[in-house]
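Colleague: These are the residues of each chain, in order.
Number of protein chains: 2
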Amino acid sequence: MEQKNDNLKIILDEASNLSLNQIRRLLKNMPASEIAHALESSPPKQRNLLFSLLKTEEEGDVLFELGEEIQQDLVSNISNDELTKAVKELELDEIVDILQNLPRERMQNILSNMSMVDRQRIEMGLTFRDDTAGGLLNTDVISVRPNNTINEVINYLRDQGDLPENTDKIFVVNNDNEYLGQLLISVIITSDPSMIVREIMETEISPIDIDLSDKEVAVIFERNNLISSSVIDKEGKLIGRITIDDVVDVIREDADQNLLGMAGVAEDTFAPPGRAAKTRVFWLGLNLITAFIAASAISIFQDIIDKIVYLAVLMPIVASMGGVAATQTLTIVLRGLTLEQINTSNIGWLFKRELAVSILNGIVLSALVGLVTYLWFNDKIISFLISFALIINLISSVIAGILVPLILRKFKQDPAIGGSVVVTTVTDVIGFISFLGLATIFLI
Amino acid sequence: MEQKNDNLKIILDEASNLSLNQIRRLLKNMPASEIAHALESSPPKQRNLLFSLLKTEEEGDVLFELGEEIQQDLVSNISNDELTKAVKELELDEIVDILQNLPRERMQNILSNMSMVDRQRIEMGLTFRDDTAGGLLNTDVISVRPNNTINEVINYLRDQGDLPENTDKIFVVNNDNEYLGQLLISVIITSDPSMIVREIMETEISPIDIDLSDKEVAVIFERNNLISSSVIDKEGKLIGRITIDDVVDVIREDADQNLLGMAGVAEDTFAPPGRAAKTRVFWLGLNLITAFIAASAISIFQDIIDKIVYLAVLMPIVASMGGVAATQTLTIVLRGLTLEQINTSNIGWLFKRELAVSILNGIVLSALVGLVTYLWFNDKIISFLISFALIINLISSVIAGILVPLILRKFKQDPAIGGSVVVTTVTDVIGFISFLGLATIFLI
Chain A
0 MEQKNDNLKI ILDEASNLSL NQIRRLLKNM PASEIAHALE SSPPKQRNLL
50 FSLLKTEEEG DVLFELGEEI QQDLVSNISN DELTKAVKEL ELDEIVDILQ
100 NLPRERMQNI LSNMSMVDRQ RIEMGLTFRD DTAGGLLNTD VISVRPNNTI
150 NEVINYLRDQ GDLPENTDKI FVVNNDNEYL GQLLISVIIT SDPSMIVREI
200 METEISPIDI DLSDKEVAVI FERNNLISSS VIDKEGKLIG RITIDDVVDV
250 IREDADQNLL GMAGVAEDTF APPGRAAKTR VFWLGLNLIT AFIAASAISI
300 FQDIIDKIVY LAVLMPIVAS MGGVAATQTL TIVLRGLTLE QINTSNIGWL
350 FKRELAVSIL NGIVLSALVG LVTYLWFNDK IISFLISFAL IINLISSVIA
400 GILVPLILRK FKQDPAIGGS VVVTTVTDVI GFISFLGLAT IFLI
Chain B
0 MEQKNDNLKI ILDEASNLSL NQIRRLLKNM PASEIAHALE SSPPKQRNLL
50 FSLLKTEEEG DVLFELGEEI QQDLVSNISN DELTKAVKEL ELDEIVDILQ
100 NLPRERMQNI LSNMSMVDRQ RIEMGLTFRD DTAGGLLNTD VISVRPNNTI
150 NEVINYLRDQ GDLPENTDKI FVVNNDNEYL GQLLISVIIT SDPSMIVREI
200 METEISPIDI DLSDKEVAVI FERNNLISSS VIDKEGKLIG RITIDDVVDV
250 IREDADQNLL GMAGVAEDTF APPGRAAKTR VFWLGLNLIT AFIAASAISI
300 FQDIIDKIVY LAVLMPIVAS MGGVAATQTL TIVLRGLTLE QINTSNIGWL
350 FKRELAVSIL NGIVLSALVG LVTYLWFNDK IISFLISFAL IINLISSVIA
400 GILVPLILRK FKQDPAIGGS VVVTTVTDVI GFISFLGLAT IFLI
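Read top to bottom, the protein sequences are chains A and B. In terms of numbering that gives the first Met the number 0, the first sequence opens at residue 0 and continues consecutively. In terms of numbering that gives the first Met the number 0, the second sequence opens at residue 0 and continues consecutively.
Think of the hints as simulated: they come from the structure by calculation, not from any bench. Incorrect hints may appear among the rest.
Repeated chains share a single entry, so a pair holds when one copy, or any two copies, can fit it.
Distance condition first, Cα-Cα at most 25 angstroms in a straight line; then the derived SDA-like pairs of lysine to any residue [what the hints assert, rightly or not]:
#	residue 1	residue 2
1	K409	F350
2	K236	M123
3	K214	I346
4	K351	G260
5	K214	T131
6	K84	N28
7	K411	D248
8	K351	V421
Turn these sequences into a full structure, and let the hints guide you.
Modeller: Following this line, the structure appears as structure tokens:
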């Protein structure tokens, strides 16, 4: 490991001091995933240079390991011939992953240079949606018949030579290629060679349907600690398998999207400035609308601010505390939804719990806010009003923090993406209105 | 799968309508991970009931699958005898995971009921930190010698009977138990039985050091698509292995903590209200301090607000836009740090890119803000001032969004946790000061 990490550091830190041949030599000793990491950690110019130093045979593996955005950038810079050569040795799901985002014409051109068998396989792969089991499909399955002996199976495996990566099991099918069961390699090797496959195959674990969403595939892998799983089509026929390495990528990307989604950014770390600006301006624009909504709420109360100017000093406190509390509730709900923990049977309990939390914390915090305000402005009524407004806003933060994500989900929107802007708008508006409204009632 | 998901739904949705025996029967057909999921999706009372219906033999597996908080709650409710029985059949890393958080006295009591061998193994396991390779260690390794033939290895494996879960490879050690290489099961099964282990063992992949952090272990597994890896101590001796299922848990928990950390919540979804209030009040209290800091910034400018009251209406716009932009930059930096993409060689490029983004978006947004402000208040100077203040704040948001996480990391703080509060405080203060300050200069 040390050696490889050193390579990576040298490339990232000192690339500018090395000759191209020195960099080429370093790259030759790094696995595809490390090279992909180096590319993802480089600004565009340096990235293109590094990629151009790779041998064509290596490019395919590296392209597959890259995030979609960088992958497509690099693919758009190489010729059809080079791309065809680069992907030739990849697994089905890897080729599909790279080709699926190409313009129609370019894809046809590349497919037309492949053998009939490969073309048909890839065209089948391209019909599956990226975010389903089909998008993770490998077709490199090994299958045997239920009436084979273990000895026959072992001889068959020996004839194969190298087994595909992550082969922890082979599958058992009938003459129509319908899935019947599975057989762990570790069971094959420890069983009496005269046994019959049917006697020792496992039939308890269900195969995965080709249409299942990739997130559900990840849940099945995690819950059952799987290394690989068979995949069947609608007729129950074995069409391939999914392996844990691709599932780990799904889990990482899923987490990445949740984190980025909540801040309204959707770009790779070293995206060029124009693209980064474009992905973020929508979010900022949306926030601008909500900021003007909050400003309108304040403008209703211009008269009272005009009379008591320190209301303007204090009003952001109520709004901002509500925003933080709402984000906390929202985050708990988002996490519960992602992990599929929240459902109709427990949402009522959760709502009451959040309400209790907001009241408990409301009492502590409003006492504090009231005290500090009194020490600062020496005004009992204002101190009481800000405390009361804070409690109102913390309670409204619970309602927003729970209802907004549920409503967004109902309308098939990703609650991680829209949620935080909507809930903080609610708490801003209610924060300003409750504090300034109470002041209007009690101070005029 | 369908059958199991149904069980889960019935338990969660209709538990109250079922007799205890009916629930017990449903639980018997669910794997430990599904039961754990059902427990994590239940409020405390229902959770304790469900757990009490499990057989003692099942409790260990279920406890291990649970998050730390819920696991410790349930453990504290069962007797030492029951706990000893429950953990007896678990793997080393699982037992350690459950026992390590027990009060000293209780742990000693449980260890004293175990066999000498088990006790020593567990005591060794307890010396490793939870967040290192040692915390993920299993001792169920199979090792062979380099001069064994493949035939001898196969016979040895057959003698073992069942291989441990996730055994994709066995390890090769010398007489002093020093790690020499590894041998994939799939290679063993496809090789000529007369070959010698030394001839076909892999030596390229380095074993993992016992002290390596669990996050780095996850990176190594992902980069090299590993199912399992050997673990060595400081002397290079093989002491166990790590398997992908535990690494997947690390990845999930890591993602979970990033998401929760940014909102200052750290609790399981159905934590009781008192505990949830306690974990969140710190964050809210911190935000209260920063809110008062922002309020002090406003209070400097009370005179000008007193004269031009609609400054109070507009001032939250500048502050809130800066907060959103800073959170975007912060999120990109956090992601880059988590994925180890950011280092001294590219931070300069990233800073310039973020600056370019803030200027690009600043031009678009400040034009919009200026226009809307002009349409609303029909005041050219104020419109110009708010546009200018917005650009200042967007640029300061970049500086805060990049420097704050780097500084927090330098001081060994988790930038995901402190970051957002600090950066939004900076943009609040600069937002208020720049807008109100400019107004003071140009309007008085």
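Colleague: Look at each hint and say if it fits the structure.
Modeller: Against the structure, the hints:
1. With identical chains, the CA atoms of K409 and F350 are at most 25 angstroms apart within one copy only, with a shortest distance of 18 angstroms there and 39 angstroms across copies.
2. Proximity of K236 and M123 under a CA criterion of 25 angstroms is satisfied intra-copy only: 15 angstroms inside one chain copy versus 49 angstroms between copies.
3. Taking CA atoms no more than 25 angstroms apart as the test, K214 paired with I346 passes inside one copy only; the shortest distance there is 22 angstroms, against 33 angstroms between copies.
4. Only between protomers do K351 and G260 lie at most 25 angstroms apart by alpha-carbon distance; the minimum there is 23 angstroms, versus 28 angstroms within a single protomer.
5. Taking the closest pair of Cα atoms, K214 and T131 come within 25 angstroms of each other only inside a single copy of the chain (8 angstroms); across copies the shortest separation is 28 angstroms, beyond that limit.
6. For the identical chains of this complex, K84 and N28 are intra-copy neighbours only, at 21 angstroms inside a copy versus 50 angstroms across copies, given an alpha-carbon limit of 25 angstroms.
7. For the identical chains of this complex, K411 and D248 are intra-copy neighbours only, at 24 angstroms inside a copy versus 28 angstroms across copies, given an alpha-carbon limit of 25 angstroms.
8. With identical chains, the CA atoms of K351 and V421 are at most 25 angstroms apart within one copy only, with a shortest distance of 22 angstroms there and 31 angstroms across copies.
Checked against the numbered hints given earlier, the structure satisfies every one of them.
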